[in-house]
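> Take a look at the letters that make up each chain.
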Amino acid sequence: MSDFLHMGGYAIYVWASYLLGLLVVAVNLWQPWRAEREVWRQLTRRRKHEERMRESETS
Amino acid sequence: MWAWLHRQGSPKRFYNWSGTLARWAGWGSLLLGVAGLYYALFASPPDYQQGESVRIMYVHVPAAWLSMFIYMNIAAASLVSLVWRIKVADMFAAASAPIGAWFTFLALATGSLWGKPMWGTWWIWDARLTSELILLFLYLGYIGLLAAIEERETAARAAAVLALVGVVNIPIIHYSVEWWSTLHQGATVTKFDKPSIDWTMLRPLLLMAFSATLFYVAVALRLARTELLRRERESQWVRELIDGRQGGGRR
Amino acid sequence: MSTVAEGLSAEALACRRAERTLFRDVSFMLRSGEVLQIEGPNGCGKTTLLRTLCGLTRPAAGCVRWAGEDIRDNYAAYATELVYVGHHAGIKEELTPLENLVFAAALGGTNGRVTPEQALQRIGLPFECEDIPCRKLSAGQRRRVALARLLLSSSRLWILDEPFTALDVSGRGLVESLLREHAARGGMAVVTSHHAVDLAGSTVQQLYLG
Amino acid sequence: MNTPSLAHAWFALLRRDVMLALRQRGQLANPLLFFVLVVALFPLGMNPDPALLRNIAPGVIWVGALLAAMLALESMFRSDFDDGALEQMLLTPYPLPLLVLAKVAAHWLVTGLPLLLVAPLLALLLNLEGEAMVILLASLALGTPLLSLIGAIGVALTVGLRRGGVLLSLLVLPLYVPVLIFAAGAVGNAQAGMAVTGQLAFLGALLALAVALAPLATAAALRISLD
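First to last, the sequence lines map onto chains E, P, S and A. For the first sequence, the numbering used here gives the first residue as 1, with consecutive numbering after it. For the second sequence, the numbering used here gives the first residue as 1001, with consecutive numbering after it. For the third sequence, the numbering used here gives the first residue as 2001, with consecutive numbering after it. For the fourth sequence, the numbering used here gives the first residue as 3001, with consecutive numbering after it.
In isolation and in its complexed conformation, chain E is listed as follows (with noise of 0.2 Å):
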């Protein structure tokens, strides 16, 4: 196992490279993420503002 994480004595570059690569996999996933939930939040409101806007016309 410790030889697995010595990596030939390579370890520091060899880990690095896979923790950079996790990284950049984490940002592109949250990124979509906070973008559609901010989208839909939006969405919801604007909707909500229209039906209030036609329930007042109508009252």
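No lab work stands behind these hints: they were computed from the structure. A hint or two may mislead.
Pulled a few chain E residues facing chain P out of the computed Cβ check, cut under 7 Å [said to hold, decoys possible]:
no. : residue
1   : Met7
2   : Tyr10
3   : Ser17
4   : Leu20
5   : Asn28
Where a beta carbon is used, it is the ideal one built from N, C-alpha and C, also for glycine.
Since the structure of chain E is provided, determine the placement of chains P, S and A on it from the hints.
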């Protein structure tokens, strides 16, 4: 055929099929990625010259591949959006750009991490890394232009022109950098690619590359869908979508 | 559509800016000898409409036709028939009025009736102004230089964005008479203006935006 | 109907732009002074050993030319955009790419050509002599029009933006890389007594390609920017 494609490019249709495709691509990417990581870290031998550091290659090469592949995708989508006026295409192009920039960055960083033990310095003006660096600038320029123009559709069309100019220039840049590095470097440093590569190393490489490609497809589609919703928020189908979602209570 | 579509027509034009619809369903038909006056409050898209008619801005929906043909199909033919004078009319500050007009004629064509000097005279620019750079002229004088292009050109369609801005009473009267003459010759014009325009004797259509 | 011929309009546009530039000589001189200053700063920033200077001369002069050309780019369409002359250019019956070519040609005459004229002086400052100097001029003669042509695309894309300057350099400089490499490479080879025809031929080919394609892209970009 064209009529069919054009129909699939209509906002509502695109929204429907892209969701499914993104989900499948996402799961596929995860599956291939896990398998790829297993072979990359456990079930492949160290290189006889580079030792264990060869494992960096399984991150670097897919990232470098994706950086090129995504730029080509942006250019192709830009062409489609300029010629056939399919709005969805420019949203896909715009969504691809940040992903491409991130993977270009990853390719550069891992190239540097591989270079330190191999060459003894963090950075060397090797043809491949230099090309990658210029590619990063092309991406940043594209993203910068897209962000600078306020009118969304104008921005998309301007960026599309830039992407096409860029894609014509990439081979020229690549060739010039290649020529320049052979002129100044003399003895060639060991490169990643060798004429023949063993199956045990090729297997994780291919798995990781496919996984990365699917990952890109999934993320780009999701970003494009989000942008689509934002732009089409006044249309009837988006309204219905919101109502359905609120009624369904998914969140 | 009418059978003989001589002239300019717009079909269900719509324009969006900043994700907001500026106008939609704008349709009209302008025939030979007619003037179209576009009115509306600030920010209602008058300038955008004019630019759309020129083919500078792409409409979000609908199309502009010249002689029954979409202007995008044969733009060069349309361009020879068109003069557009916008807020900024391409008058170079560093050039003299005469140089500006000579250049405009070189790019936009002339009708052969009027020389640049005559055009400047007719538009009421003092003779001594002809040889000084435009940046030293007043706003009204610069406006006159821009409008002098109308006299040179042989185009049948004039598209003028606020042509009366910065002009004094005599200038306004002059532009009105230019428009009348143009219409009498069988020309067409699209004009935006805040002022009431006196074009007695010509057919004037009006279009309200917003 | 009396529409002037394309050639007449083309030369009228070229003549007007050159005339305008000559009336604002201050603006004309700025990039030139910048070029001279940048190159003159290098010996101050390092050991002014003649051999070293000779070594870095091709790169330094070419990077200087690149930055000076970059600086001059913005003026290509800026004033035309502000005063509506660009709109008028789009409303003519002539093919826009050809009119763009006239503007680029005029821009090169007033910004690129002067760089070519002061380059020998700078070459002397950096101990670049003999054949290398000739090749330097040849590379500038082929390379600076390329800079103008490629740059025009970037300017056309950013002309509608209020603060397009930094973005412009980000868009354009990566595209300048091949020009820099081959041009500076040719001069370097000439110094070392090696063949230069390959690089110069490549620059020539790039120039031909850019003359054919860049005006098309610039015209498309202008239409988009003015939309």
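> Hint by hint, note whether the structure agrees.
Verification of the hints:
Here the hint on Met7 (chain E) is kept, as its CB sits about 4 Å from the closest CB of chain P, short of 7 Å. Because the closest C-beta pair between Tyr10 (chain E) and chain P is about 4 Å apart, less than 7 Å, the hint holds. With a least beta-carbon distance of about 4 Å to chain P, the hint placing Ser17 (chain E) at the interface is held under the 7 Å criterion. Contact between Leu20 (chain E) and chain P, as hinted, is supported at the beta carbon level, the nearest pair being about 5 Å apart and thus within 7 Å.
The beta carbon of Asn28 (chain E) is positioned within 7 Å of a beta carbon in chain P (closest approach about 5 Å), and the interface hint is therefore held.
The structure fails none of the hints (numbered hints given earlier).
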